[in-house]
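There are 2 protein chains.
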Amino acid sequence: MEIDICFSPVLYPFYRKENDTVIVVDVFRASATMCTMLANGATAVISVADIEEAKRYKSRGFLVGAERNARQCDFADFGNSPFDYTREKVAGKEVVFTTTNGTQAIDAAKSAKQLFVGTFSNLEALIQKSVEVGERVVILCAGWNNRANVEDTLFGGRFAEKLSEKTTVTLKSDAVKMALELWQSAKENPLEYLKSTEHYYRLIANGVKSDAEYCLKENSASVVPVYDKKTKKIIVSR
Amino acid sequence: MEIDICFSPVLYPFYRKENDTVIVVDVFRASATMCTMLANGATAVISVADIEEAKRYKSRGFLVGAERNARQCDFADFGNSPFDYTREKVAGKEVVFTTTNGTQAIDAAKSAKQLFVGTFSNLEALIQKSVEVGERVVILCAGWNNRANVEDTLFGGRFAEKLSEKTTVTLKSDAVKMALELWQSAKENPLEYLKSTEHYYRLIANGVKSDAEYCLKENSASVVPVYDKKTKKIIVSR
Numbered sequence: 001m002e003i004d005i006c007f008s009p010v011l012y013p014f015y016r017k018e019n020d021t022v023i024v025v026d027v028f029r030a031s032a033t034m035c036t037m038l039a040n041g042a043t044a045v046i047s048v049a050d051i052e053e054a055k056r057y058k059s060r061g062f063l064v065g066a067e068r069n070a071r072q073c074d075f076a077d078f079g080n081s082p083f084d085y086t087r088e089k090v091a092g093k094e095v096v097f098t099t100t101n102g103t104q105a106i107d108a109a110k111s112a113k114q115l116f117v118g119t120f121s122n123l124e125a126l127i128q129k130s131v132e133v134g135e136r137v138v139i140l141c142a143g144w145n146n147r148a149n150v151e152d153t154l155f156g157g158r159f160a161e162k163l164s165e166k167t168t169v170t171l172k173s174d175a176v177k178m179a180l181e182l183w184q185s186a187k188e189n190p191l192e193y194l195k196s197t198e199h200y201y202r203l204i205a206n207g208v209k210s211d212a213e214y215c216l217k218e219n220s221a222s223v224v225p226v227y228d229k230k231t232k233k234i235i236v237s238r
Numbered sequence: 001m002e003i004d005i006c007f008s009p010v011l012y013p014f015y016r017k018e019n020d021t022v023i024v025v026d027v028f029r030a031s032a033t034m035c036t037m038l039a040n041g042a043t044a045v046i047s048v049a050d051i052e053e054a055k056r057y058k059s060r061g062f063l064v065g066a067e068r069n070a071r072q073c074d075f076a077d078f079g080n081s082p083f084d085y086t087r088e089k090v091a092g093k094e095v096v097f098t099t100t101n102g103t104q105a106i107d108a109a110k111s112a113k114q115l116f117v118g119t120f121s122n123l124e125a126l127i128q129k130s131v132e133v134g135e136r137v138v139i140l141c142a143g144w145n146n147r148a149n150v151e152d153t154l155f156g157g158r159f160a161e162k163l164s165e166k167t168t169v170t171l172k173s174d175a176v177k178m179a180l181e182l183w184q185s186a187k188e189n190p191l192e193y194l195k196s197t198e199h200y201y202r203l204i205a206n207g208v209k210s211d212a213e214y215c216l217k218e219n220s221a222s223v224v225p226v227y228d229k230k231t232k233k234i235i236v237s238r
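Just so you know, the protein sequences line up as chains A and B, in that order. Heads up: the first sequence begins at 1 in this note's numbering, then just goes up one per residue. Heads up: the second sequence begins at 1 in this note's numbering, then just goes up one per residue.
One or more hints might be untrue.
Pairs count within a copy or across copies, as identical chains cannot be separated in the list.
Stated by the list, open to error - DSSO-like, lysine-lysine: derived pairs with alpha carbons at most 30 Å apart:
| # | residue 1 | residue 2 |
| --- | --- | --- |
| 1 | Lys195 | Lys17 |
| 2 | Lys195 | Lys162 |
| 3 | Lys209 | Lys172 |
| 4 | Lys172 | Lys187 |
| 5 | Lys229 | Lys209 |
| 6 | Lys232 | Lys93 |
| 7 | Lys17 | Lys58 |
| 8 | Lys172 | Lys217 |
Read the hints as simulated data drawn from the structure, not as lab findings. Small disclaimer: the values here were computed from a predicted structure and weren't measured.
Please take these sequences and the hints and turn them into a complete structure.
In structure tokens, the structure reads:
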């Protein structure tokens, strides 16, 4: 297998190959939140990039999760905290979801052969699915406003490490090398490591420290969210 | 002072601030080559992104350096090896120069307040100039076809380390953190470290191993190339 890591949604055109399986990662917090809502029985996530579109869904009676700059938007039912999306609230329902970075990253890679959503929360399920696919996997980091960030890069390193334990992987990309190196420095205590990073400050400033811990915990959800090209919704991959 | 690192020319719009001094780095090899030609007495470098434009200059009698994918273009006087540009050949002359990645990176940052060209070759001169400027410095990595690469990122880490020895620097950017981490892993022997990277293979495949060594050597040139907005040429900063 081949793996690559792309540090920003706007860089994806320069990483794209024909049979890519893209895994969109937004560690803080959209990926974990999507995994949680689907694991808690939501039937689909409708990812929208635009606040106005999310509002139109809301007025038609949909459940809506909407976040900008680490805060819940006023009109929405939920923000971007995984703890918001309890089974009681989301089971059997579709959830419209828009976040600062995660949904934009999904938009950037909709043309890929397959698009999964991944993070530490569903690592094991993601690895299994990737080995089944057996082709090129690109970790697409949502970043922050198209800037590279540490937490998404760390996940890239963790994923590359784990995948290469399970199967033979070509690790020749420079970005993969950089991510693996970063992960080696952080792996003993990723939460501690991330305390000096930009986004962690933003989360703490918004009072969601427990979210950060949850988002770095491995295998809390055994689902792989996949973008369904026909319905344009994100559902659980079978 | 504030420092940031941008991993690809296409990301610069997301890093741009009003008073940026941008240092374009293309470690293998455009930055070292430009430093060398100016240190050897070339009066200016005319950086062009397009091969056809370089050919037009050639037909008007200019000296032209042109490289694509690590090889010298047939029509050109020089390729992208710093060793091509001897004092005998370039002193007192203007050199038109186009490379796979370096000149594109210069184009991406022409709107910055100041644009320098830098690499290990002129590190000390660059640090002095940056301290004089005293504002925000962005290391703009040329990368490889807009993809992040290890060697340019390493230079970013080295620059950030060196600058913070000389003055008080804000190192809060995630990209700076990543570059510093990478540099810590590589600093004992950068050449050895780079042997497993993509571009090093390309250089070796084209028989220019000695170029790689030269490009990683610190302070072989005491010039800071600066983009002159009036003449649109790169000259030695006074």
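Here is how each hint holds up against the structure:
1. Lys195 - Lys17: Between copies, since 25 Å is at most 30 Å while 35 Å is not.
2. Lys195 - Lys162: both (24 Å within a copy, 24 Å between copies)
3. Lys209 - Lys172: between (35 Å within a copy, 19 Å between copies)
4. Lys172 - Lys187: Cα proximity of Lys172 and Lys187: in one copy and across copies (21 Å, 20 Å).
5. Lys229 - Lys209: Answer is neither; intra-copy 35 Å and inter-copy 47 Å both fail.
6. Lys232 - Lys93: Cα proximity of Lys232 and Lys93: one copy only (16 Å, versus 59 Å across).
7. Lys17 - Lys58: neither (37 Å within a copy, 36 Å between copies)
8. Lys172 - Lys217: both (28 Å within a copy, 25 Å between copies)
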